[in-house]
Amino acid sequence: MGLFSGLLEKFDQFSKRSWSYSRKSGSLESRQTGSSGGMSTNELLIRLELIMGQGSGLPLMDYSNEIAKLSHPLQLFIFSETTELSELSYEHANEFLQVASTALTEMEQRQYERWLLQIKQALVTGNDADASEHIKNHSSYTSEGDSNTVYLSDLTYTLEKLVYSIHKAELPLAEAELSSKSPLMSYTNNEVLYLPTSISHFDNYEDNHRLYKALTFQLLGQIQCESADAIGTLNEGIRHHGEKYLSFFSRIETLRIDQYIKHSFPGLWRDIELLHESAKIDYPSDFFASANLDSVQTSLHLTAKLLESTVNLPKLVYQSSFQLDLMAHVQKLTGERKAPLILNPTTDVDDEILDTLGDPRKADRGYLRSLKDSKGDSVLKSPPPGWIPDSSGGAEEEQHTTKHHEKGVFYYREWDTSLKKYRKDWCRLRETIDTDVVESIDVENMEALRHAEHRIRKTFDQLVNDQKFMRGQSDGDEIDIDAWVSARSSKSKDTDDYQNVYIRNNTNNRDVAIMFAVDLSGSTAGWKNSMIKQSTWLLCKTLARMGDQYAVYGFSGSGRSNCQVYPVKTFNESYTKSVKSRIFSMKPHQYTRMGVAIRHLSMLLGKTTAKTRILFVLTDGRPDDVDSYRGQYGVEDTRLALNEAKALSLKPFVLTFDKEGMDYLPYMLGSSRYQLITDISQLPIQISTIYKQLTT
Amino acid sequence: MTSENTIDNSKYFIKDEPYYLPTGNEVEIFNTALAENIPVLLKGPTGCGKTRFMEYMSWYTKRPLITVSCHDDLTTADLVGRYLIQNDTTVWQDGPLTTAVRNGCICYLDEIVEARKDTTVVIHPLCDDRRILPIEKLGQLIQAPPDFCLTMSYNPGYQSAVKDLKPSTRQRFISIDFSYPAADVEAKIVNQEASLDMAACERLVKLAEMTRNLVGNGLDEGASTRLLVHTAKLINRGFEPKMACRCGIADVLTDDPETVTLLHEMIETLF
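Residue numbers (the numbering used here), protein chains in the order written: chain A, 1 to 696; chain B, 1 to 271.
Bound conformation, chain A alone:
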């Protein structure tokens, strides 16, 4: 746990229940009075200074006065969000503070959560201006949504993976341009599926949820059924017949894709039929009865026929749009991508790309980036009409390519649970060797430690003995002559004696690598740190006898750009005096950004070749960092990091001093992968016992 978090938690504890209640009720702040137990102006000011910095020149006192009018839960919410925003953009955090108290009193919980999500998404994708717009336009969110509303952000993860499982390639979901005429507007450029930010079309949640799925599969259908092949004919048709042609084609093509859905996904088709009922649509089931649905040409052919007839097809509620410009542009890029990477300076697009400082190499980078952006998961915002690949931001790209070359520095992604996405290269981690030399370490003669060492040795000796020839076994490679003679000469003539007359050779059966990840956050200061050091020392000293590969790393840091791991003993080192010195120079540092540390140490452990590989995390509290890395966010990221470790065939185990650990550890790790230690003086013996359990 971090240094400040203790202080902050004291502030927070009182309000947890009321906050939880408020979130559930989703009540408006105006219904809760400003005198509902909120913090004083001074407390608020201190907190704001912690986040925004003292002497920042910002009117923090004014903000405090405004926030003081709010209830305690909302005050806490503002601090948590301000912290998160300040991590993304200090200026936007300030802009948020300017309107926060007004905005939050106007909005319901779902609305302000939605509002903040929009702001954060804009910041993450680098659209600072959009983020400012969102902050300013907070009042537009007051009319948004109710309990029947379904939000895209809630479904993004599931729908993206579902689409991936069918399409075998990533098709990110992004928010469509808002359209007052068509709130259900959805479209695709064949690389990204653009869907409405939220849907409240029906008066029940289930139907709105079904509608999202239907829209998604319609867009997927456009790609799988190759609707884009009709672009040329469509443009021609529009020139001759106007927008009516596109409208007719859209309706027919939607019906064609329906047939694809009906055939390939009967479960979803059942849902779509329910939508027809809810929307009271008279679905033209027999429209394609005699048509060949193999290609989009069928739709084009029928469109031409329909123009001459009086048949009126209904507009289906899940009908998606065809953005011809967008599709054509991406098609063109895709064609170029398939072709050799030679830029054609005669086209508009390439002109723009080449315009990036006139350097051909930079133009290449701009081109490649535009391709990446049009496909990568970083795309969260829909392109404006007439979209062309963004070729600006060369400096940022430059930084991205060079930052990975810093020696001893690693970049790791982080899971943002509110966005349901990984933030790519979000954490900057540095391996730092603690250079503080500890001159004299007088631990050898400490009585308590000698006792602990004796206990650990005994535990480990059992392990070592277990590995040798095991005599008197019921089954084995060799006959145990001694056991047989003993059985023969035994007066009891017990038949059991004759059962156990073999020797089993367990040599080389033990193949273990263990990574000890030690939390060195500020909260381990004092006697906890002493116990951690003594335990680590005893463990290293005795583990040397076992022949197991082991490494010890401390971890801490402050903020995502300053994550640290401290190598104490690497896998390649043997236990030496310098290792001992490094163990006793382990000292408390700052915070506990656990996810990035786990990812880094998993990577190191994953390189070993042992049969059993254990990631042993020793910590004193839940994930916590100076920015918004706390609460659900930290727990979710750590959970994902531990899952990633499991995917590398590593066995994670967490030993914690945190009495509240049972609240989150079962969720983070699953059962039997963690243990709470209540008496820290027993730490050395506890570790050795757990070690034995884990490795046998």
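Simulated from the structure, these hints should not be mistaken for laboratory data. Nothing here was measured: the structure is a model prediction, and the numbers come from that model. Incorrect hints may have been included.
Stated by the list, open to error - Here are the computed distance ranges between Cβ atoms for each label pair: (1) A:Tyr422 - B:Pro156: 24 to 32 Å; (2) A:Val485 - B:Gly24: 57 to 65 Å; (3) B:Val252 - A:Lys607: 55 to 63 Å; (4) B:Val121 - A:Lys407: 26 to 34 Å; (5) A:Asp475 - B:Pro156: 45 to 53 Å; (6) B:Ala199 - A:Leu676: 24 to 32 Å; (7) B:Thr46 - A:Lys607: 22 to 30 Å.
Unchecked claim - In silico lysine-lysine, DSS-like type, Cα no more than 25 Å apart, as pairs: (8) A:Lys528 - A:Lys646; (9) A:Lys651 - B:Lys117; (10) A:Lys533 - A:Lys659; (11) A:Lys659 - A:Lys611; (12) A:Lys611 - B:Lys117; (13) B:Lys117 - A:Lys692; (14) A:Lys580 - A:Lys541; (15) A:Lys692 - A:Lys646; (16) A:Lys646 - A:Lys587; (17) A:Lys607 - B:Lys117; (18) A:Lys692 - A:Lys651; (19) B:Lys166 - A:Lys611; (20) A:Lys611 - A:Lys651; (21) A:Lys611 - B:Lys43; (22) A:Lys607 - B:Lys166; (23) A:Lys244 - A:Lys305; (24) A:Lys458 - A:Lys692; (25) A:Lys580 - A:Lys528; (26) B:Lys188 - A:Lys168; (27) B:Lys43 - A:Lys168; (28) B:Lys242 - A:Lys168; (29) A:Lys577 - A:Lys528; (30) B:Lys166 - A:Lys262; (31) A:Lys646 - B:Lys43; (32) A:Lys659 - A:Lys607; (33) A:Lys262 - B:Lys206; (34) B:Lys206 - A:Lys168; (35) A:Lys533 - A:Lys651; (36) A:Lys262 - B:Lys242.
For every residue, glycine included, the Cβ atom is placed at its ideal position computed from N, Cα and C.
Position chain B relative to chain A; hints supplied.
Same frame as chain A, but now just chain B:
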């Protein structure tokens, strides 16, 4: 030393034809390997039909099959044999490998990489042109008869690098790759094994394909043909298809709540 029959081979014959639908030329390759005395390595994900193929080939070639399921504690003695004490004397007991060599059987070492590393070395002289099995404790060299064939299987998908086969072992074999069968073939297999209607089998196969596409994206392995057969049997016994898929596939593949939700969503989409 030449081989001699020590067992009643008929016990090891597969009498009834096991159901196996060839997906390529694996039967021809295996037959050629038998004819040329080349050992065979079967590679493929779990539940894709490697063991069933061996049973089928044993039946097809009318050769007895001895299967050894390898595990962490499998030692050389477990394969070759050991002395046992009976009454007041010691008697030699052949291990399954020695039995197979002496009797000209097909010896199938299932999931060979699970066995201890020293175990695989014992098969080396059997797998090259020498085709001999040294039994140190007896001081014997057994020459494998022409009918003897050694086959091993392993799953390269979920094995870690440390459990990979050594090149010196690998390069003694010819390899047959068993990926999952094509969708129509797999649907036929499920249909045949579980007697479920073809349309439902096709949907099950579609679900399996979707889970296989998620490997590395939340799943370690996709649904195997074996899982599909289990699920199809549940459906055939009257279970509602969605429930059968949840029990037979989704909850078997993962414990991660998010991935389970995703798998349930797939089932809802398909059934």
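Taking the hints in turn, this is what the structure says about them:
| no. | hint | in the structure |
| --- | --- | --- |
| 1 | A:Tyr422 - B:Pro156: 24 to 32 Å | holds, 28 Å |
| 2 | A:Val485 - B:Gly24: 57 to 65 Å | holds, 59 Å |
| 3 | B:Val252 - A:Lys607: 55 to 63 Å | violated, 31 Å |
| 4 | B:Val121 - A:Lys407: 26 to 34 Å | violated, 42 Å |
| 5 | A:Asp475 - B:Pro156: 45 to 53 Å | violated, 31 Å |
| 6 | B:Ala199 - A:Leu676: 24 to 32 Å | violated, 53 Å |
| 7 | B:Thr46 - A:Lys607: 22 to 30 Å | holds, 26 Å |
| 8 | A:Lys528 - A:Lys646 | violated, 29 Å |
| 9 | A:Lys651 - B:Lys117 | holds, 22 Å |
| 10 | A:Lys533 - A:Lys659 | holds, 21 Å |
| 11 | A:Lys659 - A:Lys611 | violated, 33 Å |
| 12 | A:Lys611 - B:Lys117 | holds, 11 Å |
| 13 | B:Lys117 - A:Lys692 | holds, 23 Å |
| 14 | A:Lys580 - A:Lys541 | holds, 9 Å |
| 15 | A:Lys692 - A:Lys646 | holds, 20 Å |
| 16 | A:Lys646 - A:Lys587 | violated, 29 Å |
| 17 | A:Lys607 - B:Lys117 | holds, 20 Å |
| 18 | A:Lys692 - A:Lys651 | holds, 14 Å |
| 19 | B:Lys166 - A:Lys611 | holds, 15 Å |
| 20 | A:Lys611 - A:Lys651 | holds, 11 Å |
| 21 | A:Lys611 - B:Lys43 | holds, 21 Å |
| 22 | A:Lys607 - B:Lys166 | holds, 18 Å |
| 23 | A:Lys244 - A:Lys305 | holds, 13 Å |
| 24 | A:Lys458 - A:Lys692 | holds, 11 Å |
| 25 | A:Lys580 - A:Lys528 | holds, 18 Å |
| 26 | B:Lys188 - A:Lys168 | holds, 24 Å |
| 27 | B:Lys43 - A:Lys168 | holds, 23 Å |
| 28 | B:Lys242 - A:Lys168 | holds, 23 Å |
| 29 | A:Lys577 - A:Lys528 | holds, 23 Å |
| 30 | B:Lys166 - A:Lys262 | violated, 50 Å |
| 31 | A:Lys646 - B:Lys43 | holds, 24 Å |
| 32 | A:Lys659 - A:Lys607 | violated, 34 Å |
| 33 | A:Lys262 - B:Lys206 | holds, 14 Å |
| 34 | B:Lys206 - A:Lys168 | holds, 13 Å |
| 35 | A:Lys533 - A:Lys651 | holds, 23 Å |
| 36 | A:Lys262 - B:Lys242 | holds, 17 Å |
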